[in-house]
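Each protein sequence line maps, in turn, to chains A and B. Counting in the UniProt record's numbering, the first sequence tops out at residue 365, every number present. Counting in the UniProt record's numbering, the second sequence tops out at residue 422, every number present.
None of these hints come from the bench; they were simulated from the model. Please note that the accuracy of each hint is not assured.
Claimed, not checked - Restricting the straight-line Cα-Cα distance to at most 20 Å, the calculated cross-link-like pairs of lysine-lysine (PhoX-like) are:
(1) A:Lys194 x B:Lys340
(2) B:Lys340 x A:Lys185
(3) A:Lys309 x A:Lys332
(4) A:Lys272 x A:Lys185
(5) A:Lys341 x A:Lys272
(6) B:Lys118 x B:Lys229
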Amino acid sequence: MSKFLNVLTASAVAVSVLATPAMAENLGLGRAATPDEIAAWDIDIRPDGQGLPEGSGSVMDGEVLYTEKCSVCHGVFGEAVGRWPVLAGGDGSLSDDRPVKTVGSYWPYLSTVWDYVHRAMPFGDAQSLSNDEVYAITAYLMYLNYLVEDDFVLSKENFLEVRLPNEDNFFMDDRADGELVAFAKPEICMSDCKDSVEITARAAIIDVTPEDADARKARAARLGMDVSESEGAASAGEDDATQEAAASAPAESGEPALDMALVAEGERVFKKCAACHQVGEGAKDRVGPVLNGVIGAPFGHVDGFRYSKGLLEMADEGMVWTEDNMAEFLRKPRDYIKRTKMSFAGLRKDEEIAAVIEYLKSFSE
Amino acid sequence: MTVSDKGTKPSRRAFLKGAAAAGGTLAGAGAAHAAGDPVITELQPWMQQLGDGVDVAPYGKPSEYESHVKRRTVEWLTADPVSSINFTPLHELDGIITPNGLCFERHHAGTAHIDPAKHRLMINGLVDTPLVFTMADLLRFPRENHVYFLECAANSGMEWRGAQLNGCQFTHGMIHNVMYTGVKLRHLLEEAGVKTSGKWVMPEGADAAAMTRSIPMEKALDDCLVAWKMNGEALRPEQGYPLRLVVPGWEGNMWVKWLRRIEVGDEPWHHREETSKYTDLLADGTARRFTWEMDAKSVITNPSPQAPILHGKGPTVLTGLAWSGRGTIPRVDVTIDGGKNWHAARMSGPSLDKSMHRFYFEFDWDGGELLLQSRAHDSTGYVQPTKNELRDYRGTNSIYHNNGIQTWYVNKNGEAENVEVS
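Could you build all of it, start to finish, from the sequences and the hints given here?
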């Protein structure tokens with residue numbers, strides 16, 4: 001074991017020594033936390049089961065919950081959409097060139113899954129799941145990783161019987177025993193250290209470095225170029241797009257005024273959508289299409305976005321997004337568009353639907 | 001290719017000689033007109049007209065000519081812009097302090113905006129009296145001021161497999177260095193009374209990620225701070241306003257923002273950010289956990305891909321930053337020929353424990369190709385390794401704790417590129 005744990009053992013003594021004289025120096029600040037307050041915030045779970053609440057959930061229930069609340073980012077089979085975390089698979093891949101680190105292949109403890117799902121998921125709607133729902137989703141993640149059969153029920157009672165396959169492959173930081181010794185070099189070469197130097201890798205070959213208009217401007221300024229000229233040349237595409245947007249913007253006087261309070265409320269609600277959709281200046285397609293100007297636009301109006309077949313069929317019929325059909329869609333997406341790719345379950349409250357539509361209207365093009 | 005060291009000896013004499021030569025050959029910028037530089041010979045608007053009144057910007061902002069000095073993100077790194085990261089523009093900064101608005105951001109559920117009147121800090125678990133503090137309560141504890149760097153463990157994580165991003169903002173910009181004001185965590189723990197069985201603490205954030213990490217009691221009682229100011233003013237929302245944990249020298253993820261609770265326990269919690277994330281996967285498929293300290297590291301910030309040499313040959317200032325999670329940086333070596341010959345850089349500015357250090361190396365550039373590297377030595381005797389030395393221990397799948405030596409190739413035009421060398 002590392003030196004650090006030895007230090008820790010020693011510090012246990014130090015703590016007790018320090019705690020005693022410190023009592024005399026207490027300032028009497030703050031107040032005692034009430035049991036209810038502690039219960040509200042102290043929701044953490046440990047591998048030894050400390051903190052686990054009463055409850056249970058089945059793989060079957062977990063599938064329904066997972067499909068509704070998790071699959072939009074993590075994929076129907078835990079395979080992930082885009083760059084969201086992969087949750088299943090990857091067995092035996094940890095020493096591969098491209099390891100896949102999932103609950104099944106990498107995570108050491110099931111308690112971590114329970115704790116994290118409970119405290120931070122679903123993304124944008126944290127702590128909305130009941131204890132039974134967390135048990136069920138955790139059970140389903142075990143099922144997706146082939147750790148249990150489909151009739152499995154996870155509960156507080158059997159939780160500690162579960163061991164994840166990769167638990168034993170973690171070990172305490174051991175840099176002190178290897179790297180720190182190897183890299184402490186009291187004598188280090190300062191001259192004529194090597195005969196030749198070759199470049200072995202270059203970033204330019206796989207250039208993935210972002211560059212924005214400001215960076216281009218700064219570069220141009222440094223090079224002593226006329227800034228306005230160089231920017232125009234470098235980002236002509238952007239300028240065209242801006243002009244086009246300006247040209248096609250509806251005359252402001254003809255537009256009905258927005259309810260700004262509702263827009264603000266809609267901005268809040270939109271956080272549920274923001275995992276997949278962007279809206280506003282600079283918005284881009286993500287898992288879902290960019291939503292600028294969607295109200296009033298024909299179905300499937302974003303060029304290049306791969307819409308579902310169901311939506312494209314409606315587009316062929318000449319359908320246009322209105323406040324009414326958008327409300328219907330947002331209430332139950334899968335009912336309104338058959339086989340929609342949008343796996344979001346829908347907004348339950350009419351007020352939220354109205355707000356988010358008003359918010360979307362504020363980004364008309 | 002090879003790089004000659006000829007004519008680039010960094011002696012002061014050579015430097016001054018080079019400077020004298022440059023004065024004769026380089027037409028100073030803007031001075032090419034026979035009649036004189038128009039910004040001198042012609043009356044400029046700011047020389048004649050009145051400027052802004054005092055209250056035009058009650059909270060001052062940088063000059064409009066500095067709009068390129070900003071944090072930048074790399075969109076493809078993360079799934080969405082909420083649980084994401086942006087980078088400090090190190091190549092635009094000097095000295096050791098990072099301005100508050102340029103400190104890189106890393107959130108797991110976006111920036112929470114919290115009314116300090118509604119913020120509480122709870123201490124519970126293995127303590128004699130679980131306590132709740134308001135922000136006003138915390139202001140009545142004895143305060144301390146310390147400058148510390150905060151580096152994300154994933155800083156330079158994209159470079160494990162080879163040179164990937166062109167710019168120290170992107171390769172090294174998940175770091176900032178500010179002065180914190182706050183109360184020692186030790187005082188707060190003592191106020192609650194840690195039981196003898198209490199060996200670990202777990203800070204928790206108030207945002208929707210409710211970030212948690214396990215920290216050994218020894219560190220908690222040593223130098224951790226509960227801070228509410230950075231560089232003299234309130235924490236920025238994106239840095240955890242109104243309250244954050246400061247864990248000097250240790251990976252940034254542990255510095256929990258929007259800090260609402262500290263629990264004391266007898267075992268670590270093994271939560272998501274210390275199991276699934278922030279563990280270092282090695283080549284054989286095993287993984288290190290609890291790799292808290294940030295090893296000594298340095299980077300040349302100028303010249304660098306975003307900050308090329310534009311003045312041609314002659315006197316040239318090379319500068320960079322160095323830091324160590326284990327102490328100070330008494331020495332940085334610099335090479336301009338890819339590691340054949342090294343020179344002691346000039347350290348400038350305060351040398352503070354677990355803080356960034358600034359170094360300079362002035363040389364007379366002969367206009368030839370350069371391969372620039374810096375190598376930090378920390379106060380424990382540790383010397384920053386090359387990337388390949390590090391890979392021998394870690395493989396290429398660690399993601400975290402990449403402190404290998406960075407190389408910039410500079411071509412004859414002064415343009416720099418991220419490369420690796422033999």
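Go through the numbered hints given earlier and state which of them the structure violates, listing their numbers in rising order.
Hint 4 is the one this structure does not satisfy, whereas the remaining hints hold.
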